[in-house]
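Novice: For the sequence shown, position 159 (counting from the first letter as 1) is numbered 159 according to my numbering, and the numbering increases by one without interruption.
These are calculated hints, taken from the structure and not from any lab test. A few of these clues could be false.
To be verified - Below 27 Å or equal to it, Euclidean Cα-Cα: the simulated DSSO-like pairs (lysine-lysine) are:
1) Lys176 x Lys79
2) Lys79 x Lys243
3) Lys21 x Lys244
4) Lys212 x Lys246
5) Lys2 x Lys244
6) Lys79 x Lys172
7) Lys212 x Lys190
8) Lys79 x Lys21
9) Lys243 x Lys2
Said to hold, decoys possible - Pair by pair, the computed Cβ-Cβ distance ranges are:
10) Asn109 x Lys131: 32 to 42 Å
11) Ile247 x Gly49: 22 to 32 Å
12) Asp50 x Lys152: 39 to 49 Å
The C-beta atom is built at its ideal place from N, Cα and C for all residues, glycine as well.
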Amino acid sequence: MKIGLNIFPTDKAISPIDLAKEAENRGFESLWFPEHSHIPTSRETPWGGDPSLPPLPEMYWRTIDQFVALAAVAASTTKLKIGTGITLVAQRDPIWLAKEVASLDYISNGRLLFGVGYGWCVEEMRNHGIKYNERRDILREKILLMKELWVKEEAEFSGNIHQLERSWAWPKPVQKPHPPIILGGAVGKKTARHIAEFCDGWMPLGRYGDIKKGLRLIQDAAHEIGRDLSNFETSMFCVTPIKKEKIGELSEHGLTRIILPLPAESETNVLPILDEYSALI
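Please take these sequences and the hints and turn them into a complete structure.
Specialist: If you want it as structure tokens, here you go:
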């Protein structure tokens, strides 16, 4: 089982560079950063879609830029894989995002794991000009466009939303054909079809429960289009710490990676948690 870490890198938390060095020294496989451009103060959308949850923590609007932070991590480590957990693809320009992903994979010498997601905050998306009920189709089309830029010397794309005339774009990713694309979140039939079509992995949240059911949906969708999932990875974002005896059980359920949560707090608070997690490696 691969063991990674996830934290909101904020202006109040441990430095991403210091955390990355400490994580690599302890043998963790990967370090993941989420993103939000901003959080409108209206707070129309319940956190996680559940009004009963506590108020949204300030780390959501204090997080520093995901790609800047990961570039700093890449430059200060040699083995640690770096993950976007997740990138809000619908809210980003796909041509620039393709370049950012390829550049980060180049700078890290092929260590990038490209976690993507549809997003949940309606008002944040609205400020980016994205309609919530269109976000899934927008993500799909943007990723298909980016793949063209990553794999072709002269790329072009014609979709329902985006157009790309024949173009040159470098660098190309170090990983071939591109960094693994890992879709985060719960899986229904439409999401399973998206994963089967253009992703290399799935990243459920621990609280979404039935991993086996989700994997069955993905396998069925892949079978329908004749896709081989032999190199497919399932990485679970744990919302709470996990016990060592649980790891074997999760592996039997089809998981290949667990990503453990860290608080967006100071080095004094975070490093002891790293030491506790190290016992799982």
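Novice: Under the criterion that the straight-line Cα-Cα distance not exceed 27 Å, is the pair Lys176, Lys79 satisfied?
Specialist: holds, 18 Å
Novice: Measure nothing beyond the straight line between the CA atoms of Lys79 and Lys243; if it is 27 Å or shorter, mark the hint as holding.
Specialist: holds, 25 Å
Novice: Against the 27 Å threshold, does the CA-CA distance of Lys21 and Lys244 hold or violate the hint?
Specialist: holds, 24 Å
Novice: If you draw a straight line from the CA of Lys212 to the CA of Lys190, is it 27 Å or shorter?
Specialist: holds, 17 Å
Novice: Does 39 to 49 Å hold as the CB distance between Asp50 and Lys152, or does it fail?
Specialist: holds, 42 Å
Novice: Need the status of pair Lys79, Lys172: alpha-carbon distance at most 27 Å?
Specialist: holds, 21 Å
Novice: Hint check: Lys212 vs Lys246, CA-CA at most 27 Å. Holds or violated?
Specialist: holds, 15 Å
Novice: Check the hint pairing Lys2 with Lys244 against an upper bound of 27 Å on the C-alpha distance.
Specialist: Holds: Lys2 and Lys244 sit about 13 Å apart, inside 27 Å.
Novice: Would the pair Lys79 and Lys21 pass a check requiring their Cα atoms to be no farther apart than 27 Å?
Specialist: holds, 10 Å
Novice: Between Asn109 and Lys131, does the beta-carbon spacing fit 32 to 42 Å?
Specialist: holds, 38 Å
Novice: Return holds or violated for the Cβ distance of Ile247 and Gly49 against the range 22 to 32 Å.
Specialist: holds, 28 Å
Novice: Given the hinted pair Lys243 and Lys2, is their alpha-carbon gap at most 27 Å?
Specialist: holds, 15 Å
Hint check: no violations occur; every hint is consistent with the structure.
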